[in-house]
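*Asks:* Protein chains in written order, with numbering that gives the first Met the number 0: chain A, 0 to 251; chain B, 0 to 332; chain C, 0 to 259.
Note that these hints are calculated values from the structure, not bench results. There's no promise every hint is true.
What the hints assert, rightly or not - With a cut-off of at most 30 Å between alpha-carbon atoms, the simulated DSBU-like pairs for lysine-lysine come out as follows:
id, chain 1, residue 1, chain 2, residue 2
1, B, K1, B, K36
2, C, K140, A, K228
3, A, K163, B, K85
4, A, K180, C, K52
5, C, K256, C, K124
6, A, K163, B, K36
7, A, K180, A, K206
8, C, K256, A, K225
9, B, K1, A, K35
10, C, K256, B, K85
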Amino acid sequence: MSTLRFNTEELVGRFEDRRDVKNLAGKYVMSLLLKKEPTILKDLWSARDDISLGVDGGYYAGRDALAAYYASIDAATKKKAQVLKEVFPEDLGEYSDEKLYGRGPMEIRSLDNAIIEIADDGETAKAFFYVFGLVTDISERGPVSNWVLGSCCFDFIREDGVWKIWHVLYLEDVDTPAGKKWGDPNAIEQFPEMENFAAMKGVETAKPNRPMELRTLYTGSRPFTKLPKVPEPYDTFANTFSYGADSQEAWR
Amino acid sequence: MKTHLTLSQRIHNAEGIQAAEYLHARHTYLHATSYCKEEWGEFWDTSEEASWGHLFGVMCGFDEVWYNSVTNYDPDGYRGFINLAKQHPEISWFDARSMREISMHTLATDIIEAADDGKTVRASFLTPGVLMFAFNANHHYRGLTLWERYGSDFIYDEDEGQWLYLHEQVCPDMGGPMDVCNPGMDAYNKLMGIGGAPGGKGPGPGPGAGGGPGAGGPPQGMGGAPGAGGPQGGPPPQGMGGAPQGAPGGPGEQRGADGNAQVPGMKIKTKGATRGATSAGGAKGEVHVGVPGPIHFNYTPIMHVQNTVAWPEPYKTMDRENTYRIYETPEVD
Amino acid sequence: MRKQYYSDDERIIRVWDVEEVKDLMARRQVLNMNNERRKELDTLWVTEPKYRKTASMGSNWGYYVGMDEISNYYVVQYTDRLQKALDEKCAANPGLRNIRDNFGYGDLIAHHVSTPCVVLAGDGKTAKGVWYSLGVRSLGKPDGSCEAKWYPERICADFVKEDSGDWKIWHLLISLDVEYEAGTNLGDVETFTGAPTEAQKEFGEPTLPYVVHNPDYGWSDGYPTVPPVAYYSYDPAEGYGPEGRPRWHKGHPNYRKENG
Numbered sequence: 000m001s002t003l004r005f006n007t008e009e010l011v012g013r014f015e016d017r018r019d020v021k022n023l024a025g026k027y028v029m030s031l032l033l034k035k036e037p038t039i040l041k042d043l044w045s046a047r048d049d050i051s052l053g054v055d056g057g058y059y060a061g062r063d064a065l066a067a068y069y070a071s072i073d074a075a076t077k078k079k080a081q082v083l084k085e086v087f088p089e090d091l092g093e094y095s096d097e098k099l100y101g102r103g104p105m106e107i108r109s110l111d112n113a114i115i116e117i118a119d120d121g122e123t124a125k126a127f128f129y130v131f132g133l134v135t136d137i138s139e140r141g142p143v144s145n146w147v148l149g150s151c152c153f154d155f156i157r158e159d160g161v162w163k164i165w166h167v168l169y170l171e172d173v174d175t176p177a178g179k180k181w182g183d184p185n186a187i188e189q190f191p192e193m194e195n196f197a198a199m200k201g202v203e204t205a206k207p208n209r210p211m212e213l214r215t216l217y218t219g220s221r222p223f224t225k226l227p228k229v230p231e232p233y234d235t236f237a238n239t240f241s242y243g244a245d246s247q248e249a250w251r
Numbered sequence: 000m001k002t003h004l005t006l007s008q009r010i011h012n013a014e015g016i017q018a019a020e021y022l023h024a025r026h027t028y029l030h031a032t033s034y035c036k037e038e039w040g041e042f043w044d045t046s047e048e049a050s051w052g053h054l055f056g057v058m059c060g061f062d063e064v065w066y067n068s069v070t071n072y073d074p075d076g077y078r079g080f081i082n083l084a085k086q087h088p089e090i091s092w093f094d095a096r097s098m099r100e101i102s103m104h105t106l107a108t109d110i111i112e113a114a115d116d117g118k119t120v121r122a123s124f125l126t127p128g129v130l131m132f133a134f135n136a137n138h139h140y141r142g143l144t145l146w147e148r149y150g151s152d153f154i155y156d157e158d159e160g161q162w163l164y165l166h167e168q169v170c171p172d173m174g175g176p177m178d179v180c181n182p183g184m185d186a187y188n189k190l191m192g193i194g195g196a197p198g199g200k201g202p203g204p205g206p207g208a209g210g211g212p213g214a215g216g217p218p219q220g221m222g223g224a225p226g227a228g229g230p231q232g233g234p235p236p237q238g239m240g241g242a243p244q245g246a247p248g249g250p251g252e253q254r255g256a257d258g259n260a261q262v263p264g265m266k267i268k269t270k271g272a273t274r275g276a277t278s279a280g281g282a283k284g285e286v287h288v289g290v291p292g293p294i295h296f297n298y299t300p301i302m303h304v305q306n307t308v309a310w311p312e313p314y315k316t317m318d319r320e321n322t323y324r325i326y327e328t329p330e331v332d
Numbered sequence: 000m001r002k003q004y005y006s007d008d009e010r011i012i013r014v015w016d017v018e019e020v021k022d023l024m025a026r027r028q029v030l031n032m033n034n035e036r037r038k039e040l041d042t043l044w045v046t047e048p049k050y051r052k053t054a055s056m057g058s059n060w061g062y063y064v065g066m067d068e069i070s071n072y073y074v075v076q077y078t079d080r081l082q083k084a085l086d087e088k089c090a091a092n093p094g095l096r097n098i099r100d101n102f103g104y105g106d107l108i109a110h111h112v113s114t115p116c117v118v119l120a121g122d123g124k125t126a127k128g129v130w131y132s133l134g135v136r137s138l139g140k141p142d143g144s145c146e147a148k149w150y151p152e153r154i155c156a157d158f159v160k161e162d163s164g165d166w167k168i169w170h171l172l173i174s175l176d177v178e179y180e181a182g183t184n185l186g187d188v189e190t191f192t193g194a195p196t197e198a199q200k201e202f203g204e205p206t207l208p209y210v211v212h213n214p215d216y217g218w219s220d221g222y223p224t225v226p227p228v229a230y231y232s233y234d235p236a237e238g239y240g241p242e243g244r245p246r247w248h249k250g251h252p253n254y255r256k257e258n259g
């Protein structure tokens, strides 16, 4: 990042781009909070086929894999609402499926510590954010809130003049029940399974179609693990690293 | 890129976007310092259009905002300072106003848009927070975690050539005693009328709750702002299944011993004044709201995530479709 | 400060100056979280001699002054601590190699920052800023368990635009309000114990020992001054370096005779 290489008009445009991609990153995590999985692919992601989402357990690589992933979350969201309807018949018993949709989870993943670079050619952009979250979800243990700490990195691409998400690399270091001590991988066991939420057992979302260990959750015996690589100034995407599924440079 | 605007207009809007981030941060740090006169007096629009909203309603017009957030706020701080000075005479060296709670509402996930007409800027934030009460008569910290969302509008004052705060809507979602609460499970337990587990014991009142006049060493969970409160002060202990502050009512509120994180004694009226605690620090007097709440509800497992402060979209000018000002009590489902 | 007027060219440069300062702090936190402390000092801190001499890294208990002193504390002593911790872990775990790559084994550092509040000087040569960090640091123990602690902090800094045109960190002040274990009740943490916290012990023996901030009284001791106020040109007495430290009068609870 340097102001010396650009004229005034370019600097103005680059500031607007910077704000636009930061907004887009914000909309991404807000969409997860607001349970917009059914439309997130269409609304926020690039139309390209080489889009990808990397998580601790691997990559959802390609449009079909991401579509299947979001569809599985959509199905799980519906299931959670149905279970809640059974647990709270007085409150929710009369509600339609549409009215029930989205009840239960509260997945807050806030983004801070932003490092953003716009390519000199203005066609792509990259961003790193730290993730500090409190993710509440419905499982066979009922509604449990977890502290979530990690990072969320983006490659953005401009399509028809509009910024879109190309690659996301979302890696968690901490995903542990709030109110409990950290570092115990079995900490969730402190929240016993509940009979009235038993129907949630076995409800899972689609697994990455390119499974691989990108990161392991933190414990007191995990080797020191650096954050993913952060964006550096670059001229064009071919001359920088990628957060996409075809490159492991960002997290190795 | 906003190439349909002139370069000068675009630069003006870039400054406005940065001003929104800066002014909100400035507001936040002043709030944590309990410098309410500076928080509300230095960079707010002082017209009737100004508004500040919370769960319990919307304060409409700058005078109402000032009354609730300054006139009604500072006395509690001074009362607490006077009470604590009996036990700790050395605090006469310190700043009385900032002796109270440290409300660390952090700003993250900012989404900011400037109007094409250059007159306003709109911003939404996720706000992970910690509310700490460091100086307490019992010589222990107290603390809460609090997760909120903000929707904020800013306006350009052409006469003064500066950006000003215009509207704010605060949406607390969940929280509890730091770090022994599990807000999801606690909310479920409240709905089911299950007390206690698994959140653990609470540290005390909700943020900024007014304390009673008594000094001395109250047990955990009984103190008031800023730490010297007597046993009668403030909302009920947290951590037994409740979020830190809330408005009356809400789905499931009738269940459980304490309802959904309610402030005792706070009653919604169809018009005019409401009595209760403000997020700005627990006024003990009446809180005047032009638009009565509830505007937003704390999390419960049977509710949607309310989109009370939807992120701003690109817009031409501020209007009813593009504002965080709430003019009527919304229907919340 | 009297209102300044700038051309369009100057206005967008000033907008970007603020963005660069925010970027600088974010990069600083990443390098800190990565235990890349040498790289942080070499790439993000001041390089010109006049600034290197007066650079400072402060916390509640004083200041390290000058890049050499900062480096000794922040990198050399820290590396020694990492080595000692690794020695203990290797003694308990024979399968763990005692090599530099295993420094920080079992540790997690998460001092991420938010809430940037940056003020650019009227003359454009310096800037000041404050950030919140709801940070966490967890240290692995020899038995493979860990102790995670919350570190709610304000991170304050003065920045200077060097002759190269690059913004650099000049004075850093980390104001810690409490440290306590994750998953435990903050309400159980005592104030006024007089005992040094782990953070204080780690801060070692600064160049200038001083009570910069006393969290027993919350923020009522009034320092560091946040948010920073608008200014035209840099005044050391108003900065986040040692020359800007609060002057406690005799009798003030933060006054220490030995500190002067």
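*Asks:* All hints, please: hold or fail.
*Replies:* Here is what the structure says about each hint:
no.: 1; hint: K1(B) x K36(B); in the structure: violated (37 Å)
no.: 2; hint: K140(C) x K228(A); in the structure: holds (27 Å)
no.: 3; hint: K163(A) x K85(B); in the structure: violated (61 Å)
no.: 4; hint: K180(A) x K52(C); in the structure: violated (43 Å)
no.: 5; hint: K256(C) x K124(C); in the structure: violated (36 Å)
no.: 6; hint: K163(A) x K36(B); in the structure: violated (43 Å)
no.: 7; hint: K180(A) x K206(A); in the structure: holds (28 Å)
no.: 8; hint: K256(C) x K225(A); in the structure: violated (43 Å)
no.: 9; hint: K1(B) x K35(A); in the structure: holds (27 Å)
no.: 10; hint: K256(C) x K85(B); in the structure: holds (26 Å)
Violation of the numbered hints given earlier is confined to hints 1, 3, 4, 5, 6, 8; the remaining hints are satisfied by the structure.
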